[in-house]
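Asks: Sequence:
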Amino acid sequence: PLDPFSGGVVIEASPAGKEVKRLELMSGGEKSITSLALIFAIQQYHPAPFYIMDEIDAFLDEHNASRVADLIKDLSRTSQFIVVSLRKAMMRKADQIIGVTYMNGSSCVFSIDTDLKQFGGQYGGEEVAA
Numbered sequence: 003p004l005d006p007f008s009g010g011v012v013i014e015a016s017p018a019g020k021e022v023k024r025l026e027l028m029s030g031g032e033k034s035i036t037s038l039a040l041i042f043a044i045q046q047y048h049p050a051p052f053y054i055m056d057e058i059d060a061f062l063d064e065h066n067a068s069r070v071a072d073l074i075k076d077l078s079r080t081s082q083f084i085v086v087s088l089r090k091a092m093m094r095k096a097d098q099i100i101g102v103t104y105m106n107g108s109s110c111v112f113s114i115d116t117d118l119k120q121f122g123g124q125y126g127g128e129e130v131a132a
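Our numbering applies: residue 3 is where the sequence shown begins, and numbers increase by one.
Accuracy of the hints is not assured; some may be wrong.
Straight-line distance between alpha carbons at most 27 Å, and here's what the computed DSS-like set of lysine-lysine pairs gives [to be verified]:
(1) Lys33 to Lys95
(2) Lys90 to Lys75
(3) Lys75 to Lys95
(4) Lys23 to Lys33
(5) Lys23 to Lys95
(6) Lys33 to Lys20
(7) Lys75 to Lys33
Calculated directly from the structure, the hints in this document are not laboratory data. All figures in this text were calculated on a predicted structure; none of them were measured in a lab.
Let the hints inform the model, and build the full structure from the sequences given.
Replies: Here it is, written out as structure tokens:
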């Protein structure tokens, strides 16, 4: 195009073990991983104070959802993340979970602190020291 800012972005990537292909030819999970890789690369170069992400793990399997959750957990040392997710893999790595449910005609909001070290015992099959 005559105006370089009106043409959009063409992304080509090589998903694990596959040949290079355009984003629109990838599966949902491959698109998600590729898009997140771009976002996190930009985040490493020029971090923002916080990120809001809505169901970024919807097309990922449990293994990849857990890997993304690990990365977000690591990056949360320098930026805050608000992630909307229905996946256990993502919730297991959260510092805090805020839930919204609909009861008796109104929304009910609740918060769960996932730092269970103060209580001892087990969480998610892992031993937690008191």
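Asks: Taking only the CA atoms, is the gap from Lys23 to Lys95 under or equal to 27 Å?
Replies: Violated: Lys23 and Lys95 sit about 32 Å apart, past 27 Å.
Asks: Between Lys75 and Lys33, does the CA-CA distance stay at or below 27 Å?
Replies: 21 Å, holds
Asks: For the pair we were handed, Lys23 and Lys33, check the Cα-Cα distance against 27 Å.
Replies: 11 Å, holds
Asks: Check the hint pairing Lys33 with Lys95 against an upper bound of 27 Å on the C-alpha distance.
Replies: 23 Å, holds
Asks: Under the criterion that the straight-line Cα-Cα distance not exceed 27 Å, is the pair Lys33, Lys20 satisfied?
Replies: 13 Å, holds
Asks: With the threshold set at 27 Å, check whether the alpha-carbon distance from Lys90 to Lys75 stays at or below it.
Replies: Between Lys90 and Lys75 the Cα gap is close to 14 Å, so the pair holds against 27 Å.
Asks: Are Lys75 and Lys95 close enough, with their CA atoms no more than 27 Å apart?
Replies: Cα-Cα ~7 Å, so holds.
Hint compliance for this structure: hint 5 alone is broken.
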